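Next come the chains, spelled out residue by residue.
Protein chains: 4
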Amino acid sequence: MLSFANDYINGAHPAVLQHLLETNCEVLPGYGSDPVSARAAEKIRSACACPDADVFFLTGGTQTNQLIISSLLKNWEGVIAAHTGHVSLHEAGAIEYTGHKVIPIPGTDGKLTAADIDRFIETFYADEAHEHMVFPGMVYLSFPTEYGTLYSKAELQAISSVCRTKGLPLFIDGARLGYGLMSPVNDLTLPELASLSDVFYIGGTKVGALCGEAVVFPHNNTPSHFINQMKQHGALLAKGRLLGAQFEALFTDDLYFRISEHAIDMAMKMKRIFTEKDYDFFLDSPTNQQFVILPNEKMEQLREKVDFCFWEKFDENRTVVRFATSWSTSEADLLALKQLL
Amino acid sequence: MLSFANDYINGAHPAVLQHLLETNCEVLPGYGSDPVSARAAEKIRSACACPDADVFFLTGGTQTNQLIISSLLKNWEGVIAAHTGHVSLHEAGAIEYTGHKVIPIPGTDGKLTAADIDRFIETFYADEAHEHMVFPGMVYLSFPTEYGTLYSKAELQAISSVCRTKGLPLFIDGARLGYGLMSPVNDLTLPELASLSDVFYIGGTKVGALCGEAVVFPHNNTPSHFINQMKQHGALLAKGRLLGAQFEALFTDDLYFRISEHAIDMAMKMKRIFTEKDYDFFLDSPTNQQFVILPNEKMEQLREKVDFCFWEKFDENRTVVRFATSWSTSEADLLALKQLL
Amino acid sequence: MLSFANDYINGAHPAVLQHLLETNCEVLPGYGSDPVSARAAEKIRSACACPDADVFFLTGGTQTNQLIISSLLKNWEGVIAAHTGHVSLHEAGAIEYTGHKVIPIPGTDGKLTAADIDRFIETFYADEAHEHMVFPGMVYLSFPTEYGTLYSKAELQAISSVCRTKGLPLFIDGARLGYGLMSPVNDLTLPELASLSDVFYIGGTKVGALCGEAVVFPHNNTPSHFINQMKQHGALLAKGRLLGAQFEALFTDDLYFRISEHAIDMAMKMKRIFTEKDYDFFLDSPTNQQFVILPNEKMEQLREKVDFCFWEKFDENRTVVRFATSWSTSEADLLALKQLL
Amino acid sequence: MLSFANDYINGAHPAVLQHLLETNCEVLPGYGSDPVSARAAEKIRSACACPDADVFFLTGGTQTNQLIISSLLKNWEGVIAAHTGHVSLHEAGAIEYTGHKVIPIPGTDGKLTAADIDRFIETFYADEAHEHMVFPGMVYLSFPTEYGTLYSKAELQAISSVCRTKGLPLFIDGARLGYGLMSPVNDLTLPELASLSDVFYIGGTKVGALCGEAVVFPHNNTPSHFINQMKQHGALLAKGRLLGAQFEALFTDDLYFRISEHAIDMAMKMKRIFTEKDYDFFLDSPTNQQFVILPNEKMEQLREKVDFCFWEKFDENRTVVRFATSWSTSEADLLALKQLL
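Protein chains in written order, with the working numbering: chain A, 2 to 342; chain B, 2 to 342; chain C, 2 to 342; chain D, 2 to 342.
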């Protein structure tokens, strides 16, 4: 069945699988200390222009968010996030499970602003009761956001500047990082993003891998005993090569960026199809997730032929749904969609 | 110095201290299993008209909220609370420290409505992504609220009814319970409140005790191994008599209610003083906390002679401050305040 | 370099990788709800002769132990384990991180006895202070143990019987389950093991997969909201197919058992080589891990040519080291080892 | 009924209650920031000869152990304790509840030795698998121990020296500190104990207070945001004066030491009574807890007339029981006991 349900409906990009095959019979040490993972890390350092960065490989986004946040926060601190942030809403309380509050700030289209963060911090310290409150200990944002939107370079610079002034580490969830970097409206490079953040991750699961997220601490700022904390969270794979080999493939010959670019091309074409057919968008997403407002009747009818994702009710008669593209989306898929519309 | 800073500026009501003295040399078993605590529990059961209720004594409000909530919630659940609720904002993340999310719902003047809660639950289960979200596992509200406001009997009945329909235990934080029950606008009795809730506590610290909150599970619904969980939280006093004796005094000859009534009388007189002097109120509180809007200049001037509590900035030139009464507030205090205004 | 360092030095068994390739381009739903995972679960149910069992796929052993234990225990409970158990010593505190004590019982050669467990429980409840202690809430054992040893059917029946009498769920860590089942001394079948336990897992990572452990709740006894708790632990893969496809391959044509049998054959041959060369064993292991006592000088000399694992110091002059076999160990490897000795 | 059940069978020493009365009507700020608490802290600093120490007041022992340990440990660390330590066995898992392992070391008569600790640390770091283990992050001991035994000055110096060499903070649980300091065999002063430890507490609950433990960080080494963490644990009393006033009384005119000395006198006399009557002791305790071996028949017979505490079974026919003295034990009590024996 035709599917735009999400960006993980297929397995891995063939070149990723191929590299798993090629390295399968190498005898390698465990727990991520193998040369395949080391080469992958080196390629990522190079792509980020951060020769001294520490790179770690984890299996999925929630695990990564949980580990990074809990290893950076002190007992008395929480993480600031947009109220629509993945860690705020869609991780089953994974952050709170580690003892820390997600401090929600209302955002717009999934985004926080530097001014929002600054105002929150100022108000917090001005409150005479703040000693009885959760201290803001870091800032979480996602690029692209859960709504497919992006921060411009100027916006991210402003946020980074507030964070540094206030002493708050800035963490960028890059579960779909490639789709942000390759968006036509994006003006940020990976090295710029690395330099403006304190930790981020390069999502593999949603960009062509079977699983895997590459965590980057760009500034010699890895939390103490990070490997121990990975183990404590059950996040340290015995065969770390599974992650290392996939990322080595993704960062060879720009595969990660080519995959992302392809998905963006497909998304922009899909956007034009919906526009031509006079559908309304819930918001203007420049990345691989497109949020379309469908009359409920049309939605039910489409559902018989194509998979997409319920997002939220728009009103009594209309629903917001999400169509996503990925490495495996083809022109034929778009044509089929067009015909269904 | 004259003080209306809060309702815990003094020690205990003299009759409470007197009872500590009277029972001081009785040889008693530890950890709350003593006959003094048993008599106090019996008096509380009687006041609540809940002959089968379980009653436990804890030392303070945050400890009580943390223990009740963490013992009632399952791993995957969070507690619904007004975004201004004490557990949401002013307990330094004590709930999240136990691994659970506080799910904030916007309220009005510190209050939730049955409709708010119902809509939240309906929306939650209608969301196709709810399996990846924190499940609502109970409802927390405070009576009086953090803004001194009260739920009417009809409002509480509606909330209780939604909770029971949805299978969510209803927990009422009664840190200032007496002030709510004795308010001139209140139409709820203690037995009614007990019958409408699944667990609540009768605050002692802010109503005449040195410390102590009496937790009541009215319906044979105490969480399993509650005493063990008290111990695990460091909340089980070796000399449980300290709490039992105080509550025995408070629930003898209606002392708890007389203390509360006195503070309410004082608060209503104070309210009239502010009104006569043409001050504006931030909201209309019918309990022992009064929220007054002071011009900043006036606030600074008053501060030299009288203690009160900063609440929040109202605008550039005015500030909301709180004046609280308690068992120790006297007519002389009010007269002195009047003269300062 | 020749390596017997552990049973995860290579990638996946070729048939496992092949099945990942074959299923790679199927469009599948996420989070383990796909038909590939469903087929794998069905094959596992069949192998366990548990038609009603619930089966879940996780990525690694520590994650699996953490999730199972924390979802089964109540707040006031801990897990009984041998003091040498993996959860006691070698998981960086993953169990305690979830708030639960590992209650260590001294064992022998990695094993607990029914009598040990029974005596512990009897002593616990006879202790008048037990209300201030951590309640035993379940029993953890590993098959094979961390020392490669096995429980006989009679031993496991006795333990299971104590656990059922005392109301304690019995959890069997099967990270190396296949090597236990295929050992020449083993007298337990997989259906028997399933029937005697309350939850266990079939280790994939160490038995031919790239990653993956299959959790089995044989008796309609899955903890409530288990999928939510997987998500909360960061243990729910978006592309659940990665695990499902591997286990489908492992449980097709008895691959799991054939891999295990091969490794056991290799281990028994290796054992004979050491015996012929007059080396002493630390203990008599009937599975794929062999614990050999090496003179320190010999150990250093061997290390230049072959990888093995330091276990512990035996005395001043000798060291216990571990040699492990796996799906990838070959006769040529054994021959090379023999020549080095 | 005559009782030697424990050292918290009575309320407070009369002078402690008296001071609560005297300060009851002072208008004081909340949460421990009051001048009564400040004076108490100053007196404690003086008694410890630590002019720069930070002093905090908490309500009970388990709460204090939980808060100190969880605020000192990093995520990946555990606390070393004797396997008989209070935190190991008798706090219902309060330490593990905060996510940290109690690492048990076998001790003798409740005591650890410097050599035990040193050997444990050396073995830990020599283990090539230690990256997958819980790192030792601090050392916990109790003075007196749970068996009433004491560390000599030389023993504590040796332990302190190992801890400092290895970088492990040394925490001394002083729930019964006074009884240790006033024991005839003790050769440690309070200033010496303060100087050798990194944090300790002066127990009030068991030495004449209604509740309360005074935590002392002697070396400008209070964990960051300690007050926030108190609040987060539900351990910050609104009326902090309750604790401050009691400790002000206890540290005025050496009351704390006089109470302790009295109890020790009573205990030594009691010891002579048992010796004269030819009873055996389980061990030789020099403090206020005496562990006597009673024939079971005698035990049952005594129990009808006097309260004492079951400790453990000695053999089939005999039981170890504990008799404790306190501020309230009188010569008349001893005489009555003598007659019963």
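Derived by calculation from the structure, the hints in this document are not laboratory data.
Some hints could be false.
Since the list gives no way to pick out one identical chain from another, each pair is judged satisfied if it fits inside one copy or across any two copies.
Distance condition first, Cα-Cα at most 20 Å in a straight line; then the derived DMTMM-like pairs of lysine to aspartate or glutamate [claimed, not checked]: (1) K339 x D308; (2) K314 x E132; (3) K306 x D128; (4) K306 x E27; (5) K299 x D281; (6) K272 x E262; (7) K314 x E129; (8) K314 x E123; (9) K314 x D119; (10) K278 x E23; (11) K314 x D128.
Values in this document were obtained by computation on a predicted structure and should not be read as measured data.
Hints, one by one, checked against the model:
For the identical chains of this complex, K339 and D308 are intra-copy neighbours only, at 14 Å inside a copy versus 59 Å across copies, given an alpha-carbon limit of 20 Å. Taking the shortest alpha-carbon separations for K314 and E132, only the inter-copy value of 17 Å comes in at or below 20 Å, while the best intra-copy value is 40 Å. Proximity of K306 and D128 under a CA criterion of 20 Å is satisfied in neither setting, with 55 Å inside one chain copy and 22 Å between copies. In this assembly of identical chains, the alpha carbons of K306 and E27 lie at most 20 Å apart only when taken from different copies (16 Å versus 44 Å within one copy).
Within a single copy, K299 and D281 get their C-alpha atoms as close as 13 Å, which meets the 20 Å cut-off; across copies the closest is 55 Å, which misses it. Within a single copy, K272 and E262 get their C-alpha atoms as close as 15 Å, which meets the 20 Å cut-off; across copies the closest is 55 Å, which misses it. With identical chains, the CA atoms of K314 and E129 are at most 20 Å apart between copies only, with a shortest distance of 11 Å across copies and 40 Å within one. When the C-alpha separation of K314 and E123 is checked against a cutoff of 20 Å, the pair qualifies only between copies, where the shortest distance is 12 Å, while the shortest distance within a copy is 35 Å.
Only between protomers do K314 and D119 lie at most 20 Å apart by alpha-carbon distance; the minimum there is 17 Å, versus 32 Å within a single protomer. When the C-alpha separation of K278 and E23 is checked against a cutoff of 20 Å, the pair qualifies neither within a copy, at 46 Å, nor between copies, at 37 Å. Taking the closest pair of Cα atoms, K314 and D128 come within 20 Å of each other only across two copies (9 Å); inside a single copy the shortest separation is 37 Å, beyond that limit.
In this structure, the hints that do not hold are numbers 3 and 10, in rising order.
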